Amino acid sequence: MTKKEVQVLKDLLGTNKKIAEDIRTILSQRGILTINLLSSPGAGKTTLLESLSDHLRPDYKMAVIEGDIETERDAERIRAKGVPAWQIITDGACHLEAKMIGKLFSQLPQELDFLFIENVGNLVCPASFDLGETLRLVLLSTPEGDDKPKKYPKAFTTSHGLIITKTDLVPPVLFNIDRAAKEAKEINPNLKVFITSSVTGTGLDDLVNFLLVSLNELRSKNA
Amino acid sequence: MHELSIVANLFELLEEKATEKKARKITRVKLQVGTLSGVVPELLISAFDIYKKDTIADLAELDTEKIPLKVKCRKCKKEMIKDDYVFICEYCGSSDLKTLSGTELLLETIEMEVD
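Chains as they are written, first to last, in the numbering used here: chain B, 1 to 223; chain X, 1 to 115.
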């Protein structure tokens, strides 16, 4: 019996990346802009989606995939808005993976403009898993503190946009918007920053514009 | 703790390779883990030790090599290591940097016993 060393050099996330690439190709060809929303629990992802549905509909068709460890609560909130929503219950897993998205493909409406995926609330693990999205947006709510980008760099370096939420709470929580935006842009110079409040409606028009421009870009590329 | 699901993927690769090479045992596994890969090497090792029981790698050790975040400035062409993840060139101040390494999570080599 002999020992030998075999060189492999294979990506451990290769299987997930391959599925994600297939999802991206199929959804892009169908003209659907897919957006993966990342944040810690309670940063306001579901509330933001409720606000976006008020801005985007009825002119645009949206659907939402919700990822949570337990309960259908988020999907129920989205459905109450009249938006089709599917709940993925991960049973303890801290992130969504591309294969979970792939399983829902057959249920997606034929006509769709925006597919939002609300990831499991967690600023660490979801950042490593490509879901086949065209846009990755990370949310940072003001009560979490303005020092988070460098503490959780992967979520910020892999995102296209940063949405600072709950800016109506800036005075009591002493959140420095400029500091957070500057730190995030230091680790990701291409990051677009949106300063929002779903309560007052601040900044939502900018975000909606960005989504519409991104949708047009995707469709002209695939035309 | 997404390291456990990554280790599950690792074992799929290990079993595939062991079958292909007709290995009796896997004795050592080496990974390359970028500092911006989003995983913690120590947690990978703990997950590996939990997962390996009753597998072909039950006595195997997992080695992880940390790969620093290395970037190249597209403007002044200099290369540098970024421990702080700040994507600003320390020579010319440009933020137009290309990542060369440090985001990878690779199965590098498998040491195995064969007949």
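A hint or two may mislead.
Claimed, not checked - Straight-line alpha carbon distances no greater than 25 angstroms define the calculated DSS-like cross-link-like pairs of lysine-lysine that follow:
1) B/LYS4 to X/LYS77
2) B/LYS150 to B/LYS103
3) B/LYS61 to B/LYS221
4) B/LYS103 to B/LYS81
5) B/LYS10 to X/LYS30
6) X/LYS77 to B/LYS3
Simulated from the structure, these hints should not be mistaken for laboratory data. Predicted model only: the values in this text are computed from it and were never measured.
Original post:
Does the alpha-carbon distance linking B/LYS10 and X/LYS30 stay inside the 25 angstroms limit?
Top reply: holds, 11 angstroms
**OP:** For the pair we were handed, B/LYS150 and B/LYS103, check the Cα-Cα distance against 25 angstroms.
**Re:** violated, 34 angstroms
Original post:
Does the structure keep X/LYS77 and B/LYS3 at a Cα separation of 25 angstroms or less?
Top reply: Status violated; Cα separation ~43 angstroms.
**OP:** Given the hint that B/LYS103 pairs with B/LYS81, test it: the Cα-Cα distance must not exceed 25 angstroms.
**Re:** holds, 24 angstroms
**OP:** Given the hint that B/LYS61 pairs with B/LYS221, test it: the Cα-Cα distance must not exceed 25 angstroms.
**Re:** holds, 20 angstroms
**OP:** Sort out whether X/LYS77 lies within 25 angstroms of B/LYS4, counting only the CA atoms.
**Re:** Answer violated: B/LYS4 to X/LYS77 is near 40 angstroms, above 25 angstroms.
Checked against the numbered hints listed earlier, the structure breaks hints 1, 2 and 6; every other hint is satisfied.
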